[in-house]
Amino acid sequence: MLNINLSDVVAVLKSLIPQLTVIGVFLILALLITITVNKHTVKNVANRKMIHSQSWLVTFVAVVVALATMLLGPLSNLITKSTSKHELQPATVTAARNLAKNIQRESITLLQNTDHALPLEEQKVNVFGWASTNPVYGGTGSGSMSADNPTTSLLDGLHQSGLKTNTELSDFYRHYRADRPTVGMFAQDWTLPEPDATKYTKKLIDDAAHFSDTAIVVIGRVGGEGADLPINMKAKGITYHDNDKSTPDFKNGQSFLELSKPEQDMIAKVTGTFNKVVLVYNGANAFNLNFVGQYPQIKSVLWCPPPGQAGFTALGEVIKGTTNPSGRTSDTFVRDLSATPTYHNFGSFTYTNMDDHQATYTGFTGKPQTVTPTFVNYNEGIYVGYRFWETAAKEGLINYDQMVQYPFGYGLSYTSFTQHMSPIKHDNGKISFDVTVTNEGATSGRDAVEVYFDPPYTDGGIEKASANLISFKKTKVLKPGESQTIPISFKDEDMASYDANQERAYVLDQGNYEISIRSDSHRPIMSDAITINKSVIYNQSNPRSVDKVAATNHFGDLKGNVIYLSRAGHFANYAEATAAPKSTDMPEQAKARFLNNDNYHPKKLDKADDAMPTMGARNGIRLYQLRNKSYDDPMWEKLLDQLSVKDMDNLIAMSGYGTQPVKGIGKIELTDADGPAALNNNFTKVGSLGFPSSTSMACTWNPDLASEYGKMIGTMAHDMDVSGWYAPAFNIHRSAFAGRNFEYFSEDPQINAVLGSNEVAGAKSKGVYSFMKHFALNEQETNRLNMLATWINEQTIREIYLKPFQTAVVKGGAQAAMSSLNYIGTTYAGAYAPLMKDVLRGEWGFRGMVLTDYFGVYGYQNADQLIRNGNDAMLATTDVTNHVKDKSATSVKAMRQASHNILYTVVHGYKYANGDPKVQTPAWQIALYVALVVLALIFLALEYLAFRRFKARRSAVNVGTLSDLADDARQTRAQDPASMESTPSENSSDQGPTA
Numbered sequence: 001m002l003n004i005n006l007s008d009v010v011a012v013l014k015s016l017i018p019q020l021t022v023i024g025v026f027l028i029l030a031l032l033i034t035i036t037v038n039k040h041t042v043k044n045v046a047n048r049k050m051i052h053s054q055s056w057l058v059t060f061v062a063v064v065v066a067l068a069t070m071l072l073g074p075l076s077n078l079i080t081k082s083t084s085k086h087e088l089q090p091a092t093v094t095a096a097r098n099l100a101k102n103i104q105r106e107s108i109t110l111l112q113n114t115d116h117a118l119p120l121e122e123q124k125v126n127v128f129g130w131a132s133t134n135p136v137y138g139g140t141g142s143g144s145m146s147a148d149n150p151t152t153s154l155l156d157g158l159h160q161s162g163l164k165t166n167t168e169l170s171d172f173y174r175h176y177r178a179d180r181p182t183v184g185m186f187a188q189d190w191t192l193p194e195p196d197a198t199k200y201t202k203k204l205i206d207d208a209a210h211f212s213d214t215a216i217v218v219i220g221r222v223g224g225e226g227a228d229l230p231i232n233m234k235a236k237g238i239t240y241h242d243n244d245k246s247t248p249d250f251k252n253g254q255s256f257l258e259l260s261k262p263e264q265d266m267i268a269k270v271t272g273t274f275n276k277v278v279l280v281y282n283g284a285n286a287f288n289l290n291f292v293g294q295y296p297q298i299k300s301v302l303w304c305p306p307p308g309q310a311g312f313t314a315l316g317e318v319i320k321g322t323t324n325p326s327g328r329t330s331d332t333f334v335r336d337l338s339a340t341p342t343y344h345n346f347g348s349f350t351y352t353n354m355d356d357h358q359a360t361y362t363g364f365t366g367k368p369q370t371v372t373p374t375f376v377n378y379n380e381g382i383y384v385g386y387r388f389w390e391t392a393a394k395e396g397l398i399n400y401d402q403m404v405q406y407p408f409g410y411g412l413s414y415t416s417f418t419q420h421m422s423p424i425k426h427d428n429g430k431i432s433f434d435v436t437v438t439n440e441g442a443t444s445g446r447d448a449v450e451v452y453f454d455p456p457y458t459d460g461g462i463e464k465a466s467a468n469l470i471s472f473k474k475t476k477v478l479k480p481g482e483s484q485t486i487p488i489s490f491k492d493e494d495m496a497s498y499d500a501n502q503e504r505a506y507v508l509d510q511g512n513y514e515i516s517i518r519s520d521s522h523r524p525i526m527s528d529a530i531t532i533n534k535s536v537i538y539n540q541s542n543p544r545s546v547d548k549v550a551a552t553n554h555f556g557d558l559k560g561n562v563i564y565l566s567r568a569g570h571f572a573n574y575a576e577a578t579a580a581p582k583s584t585d586m587p588e589q590a591k592a593r594f595l596n597n598d599n600y601h602p603k604k605l606d607k608a609d610d611a612m613p614t615m616g617a618r619n620g621i622r623l624y625q626l627r628n629k630s631y632d633d634p635m636w637e638k639l640l641d642q643l644s645v646k647d648m649d650n651l652i653a654m655s656g657y658g659t660q661p662v663k664g665i666g667k668i669e670l671t672d673a674d675g676p677a678a679l680n681n682n683f684t685k686v687g688s689l690g691f692p693s694s695t696s697m698a699c700t701w702n703p704d705l706a707s708e709y710g711k712m713i714g715t716m717a718h719d720m721d722v723s724g725w726y727a728p729a730f731n732i733h734r735s736a737f738a739g740r741n742f743e744y745f746s747e748d749p750q751i752n753a754v755l756g757s758n759e760v761a762g763a764k765s766k767g768v769y770s771f772m773k774h775f776a777l778n779e780q781e782t783n784r785l786n787m788l789a790t791w792i793n794e795q796t797i798r799e800i801y802l803k804p805f806q807t808a809v810v811k812g813g814a815q816a817a818m819s820s821l822n823y824i825g826t827t828y829a830g831a832y833a834p835l836m837k838d839v840l841r842g843e844w845g846f847r848g849m850v851l852t853d854y855f856g857v858y859g860y861q862n863a864d865q866l867i868r869n870g871n872d873a874m875l876a877t878t879d880v881t882n883h884v885k886d887k888s889a890t891s892v893k894a895m896r897q898a899s900h901n902i903l904y905t906v907v908h909g910y911k912y913a914n915g916d917p918k919v920q921t922p923a924w925q926i927a928l929y930v931a932l933v934v935l936a937l938i939f940l941a942l943e944y945l946a947f948r949r950f951k952a953r954r955s956a957v958n959v960g961t962l963s964d965l966a967d968d969a970r971q972t973r974a975q976d977p978a979s980m981e982s983t984p985s986e987n988s989s990d991q992g993p994t995a
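Here the sequence shown is numbered in the working numbering, starting from 1 and rising by one per residue.
It should be emphasised that the hints constitute simulated quantities derived from the structure, not laboratory data. Just so you know, even glycine gets a beta-carbon here, dropped at the ideal spot from N, CA and C. Some clues are possibly wrong.
Claimed, not checked - Distance windows between CB atoms, simulated: (1) I424 - S535: 14 to 22 Å; (2) P613 - G461: 23 to 31 Å; (3) Q589 - G845: 28 to 36 Å; (4) P922 - Q589: 37 to 45 Å.
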């Protein structure tokens with residue numbers, strides 16, 4: 001659940017300046033009039049009071065009008081979102097909790113189980129490690145969870161399984177520190193609370209040994225949006241507080257993903273006391289577990305990825321044995337994270353020749369920030385994760401066992417399985433065979449089927465990894481002795497590699513392709529081979545079945561001056577390719593193309609031959625009539641003709657957490673929700689149950705569970721009145737240190753593609769559209785807002801980083817996307833037309849809307865540039881640079897196209913499933929209208945009272961004046977009687993002679 005950031009507050013206040021100015025001016029004028037109009041300047045009391053009352057009544061009207069304008073104008077969207085509160089139904093809550101437990105049951109991965117230490121037969125167990133009382137449930141930022149939902153803790157999960165834990169130990173940790181240091185979006189405290197060795201008294205350890213002869217050690221690591229995990233805990237800018245001031249927790253060069261000294265000491269103490277130790281790693285990022293081999297007392301190792309708010313129940317079940325673990329690693333666990341090919345090219349690299357392109361913007365904290373463009377090189381090319389380790393081992397570059405501790409796809413069970421692969425059938429471009437899985441052990445359980453291919457490689461030719469996951473499935477629960485036959489099929493084209501240098505297309509090289517089923521990426525169970533007799537080129541005349549238009553080069557400008565890792569010569573360029581960048585200067589040719597808000601001028605890009613489209617027509621078309629119409633149906637043009645520039649601009653500019661209404665076409669206001677592992681309404685603070693992380697889902701290796709999860713998202717969305725879901729995230733675990741790895745599935749594009757697209761399809765089956773994100777290349781958080789230029793070659797971006805997104809479009813039926821915040825080359829990702837137009841909509845045939853990630857301007861976000869290049873909507877709720885400023889024909893045509901894309905997405909959501917949806921006036925607006933009527937009546941009453949008093953005062957003045965005159969006359973008579981006596985005769989003489 002995201003919190004309010006100060007930049008939004010600043011933006012809101014700026015949008016209210018006109019109304020606040022009006023209020024201020026009228027208040028000042030009323031005060032001036034009250035002060036200057038006094039008995040010295042206006043002696044008539046009635047007039048003076050009337051002027052005072054009228055000045056304040058006019059001010060009253062001005063303030064009311066200004067406030068109403070604020071509420072119905074700049075604040076309307078925010079208030080509506082904040083007051084439209086919808087809760088989950090009890091039945092949905094129950095079903096969601098059950099599904100969350102099932103996901104975690106299949107995700108917990110058994111990495112080691114010496115002497116069959118697990119499942120535990122003991123009823124009592126000591127639980128060591130501060131993280132046991134403050135475990136990691138999910139991620140931070142967009143991955144945060146609603147505190148309103150009941151949360152099952154790690155200890156709760158153990159207790160629910162029937163285990164009794166040592167409360168003296170748990171109290172010891174709670175008293176040491178009750179809360180976990182905050183690793184948030186805007187600030188991070190990386191402190192790992194863990195009592196140093198001196199805190200463990202002899203009595204505490206003796207009591208523990210007396211309580212049970214078995215110990216569980218819990219190590220936890222958290223990650224989240226906004227920051228990557230520290231590669232060097234002693235680096236400048238890292239906030240960390242040592243547990244013992246006399247002894248640092250980390251040495252210089254040590255990372256967050258290895259043990260701190262207090263953790264090392266605790267493990268040494270535990271293993272020195274107990275001969276049966278179970279280690280539980282609780283985190284989404286692959287941890288350095290190399291220390292495990294130093295302690296023979298550590299019999300079992302479990303990886304428990306962030307389980308959400310209900311998943312720790314599964315941990316207790318796995319430890320106790322009521323659930324047989326069936327998880328598989330979603331990432332490779334290496335013995336030394338600094339030896340990975342990405343290590344020196346991940347993190348912060350700032351250009352030294354780009355000061356003239358610096359940008360100043362208001363940051364999330366509300367303070368101005370000036371930043372210089374930064375960069376990151378995807379130097380490893382296609383050799384990401386296990387693709388590198390397996391290929392490097394085959395080429396003789398590494399000793400595999402010395403480098404890799406737990407391979408990708410690895411996981412143990414409490415039972416044993418056999419897998420048998422039938423002979424391959426290869427016909428008409430399709431490969432098929434069956435895998436029969438048999439439970440040979442004495443315990444019921446599930447097994448994962450993993451299928452890999454090893455393509456023919458020519459030294460110096462197209463880059464190819466020796467192991468590539470191409471298909472995977474999960475069995476049902478198999479009883480002892482039971483078998484299940486799993487059908488496997490895929491196409492020849494699925495094994496093609498992208499040739500960016502020669503054919504500029506996907507190519508299936510001739511030669512032998514080994515197809516194997518494996519227990520993990522490294523250990524084959526059985527294999528077979530097929531032969532491609534002649535190379536196949538998937539060009540314009542022969543596109544792959546997944547391409548609406550054949551893939552061809554569009555990303556040549558992204559290669560930069562990077563030396564990419566190559567298999568040629570047994571990885572001869574490994575040292576050079578994996579070294580840190582030699583230069584921090586952007587090449588001059590690239591610099592000339594670099595764009596941000598300072599040098600982007602839409603007028604210079606207007607096309608003279610563009611004609612202004614029709615607007616404001618009265619064709620009588622309603623949006624609901626376009627449901628199930630094709631994107632190119634002529635009726636769309638008639639509907640779009642009805643829109644005004646204001647309609648389109650509002651639809652485009654204010655699409656944060658929902659889309660705006662357009663009354664003239666029957667477009668109602670709709671709500672979208674955030675959260676990769678939940679549905680979170682950041683305005684009402686209503687949130688669904690927090691589900692296990694995406695990494696947890698990946699560890700299940702179960703496509704069916706992903707489908708169920710997508711459907712559950714749809715069901716919860718109906719309860720919460722949500723139409724769109726800002727998820728799933730398809731980015732790759734390029735580095736173990738990436739802050740949002742919890743939100744992404746794995747290091748493998750096939751895992752991401754299948755699971756993510758199934759989630760999308762599941763939600764779509766309920767009429768909910770998913771915003772697949774972050775499109776694209778958002779593999780690190782560091783500098784993501786600092787114009788992060790991402791450099792990558794064409795083959796890599798297609799085979800590794802775009803493949804999951806394409807699968808979501810082609811197989812998942814994705815209807816919406818969220819662009820990423822980084823730059824792709826020299827252009828902001830959302831405004832990079834080769835990606836947004838040529839590939840997404842051209843090659844893949846995507847039809848729907850693309851939304852920016854959070855619109856904080858950052859010196860480079862502006863609506864004009866975005867809509868012209870394929871990004872349709874701005875994730876904004878306040879007025880900044882999200883409005884389209886240029887109103888040329890070129891710009892209005894782009895607005896029309898963007899509106900088409902937005903409307904096409906929303907009309908195919910569940911809100912339009914039954915015709916024209918009814919529009920309900922928000923309750924707060926009804927209350928406002930009532931208040932305005934009451935205030936109008938009060939105004940009239942005050943005005944009536946003011947005039948009544950004015951008349952009364954004026955009458956009082958007249959009567960008083962006559963009375964004063966009479967008094968004066970009486971005084972005159974009293975002073976001069978003679979004058980009074982002569983008055984009649986004088987008066988008579990004036991009347992003329994008498995008779």
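- Enumerated hints in conflict with the structure, sorted upward: Those not satisfied are hints 2 and 4.
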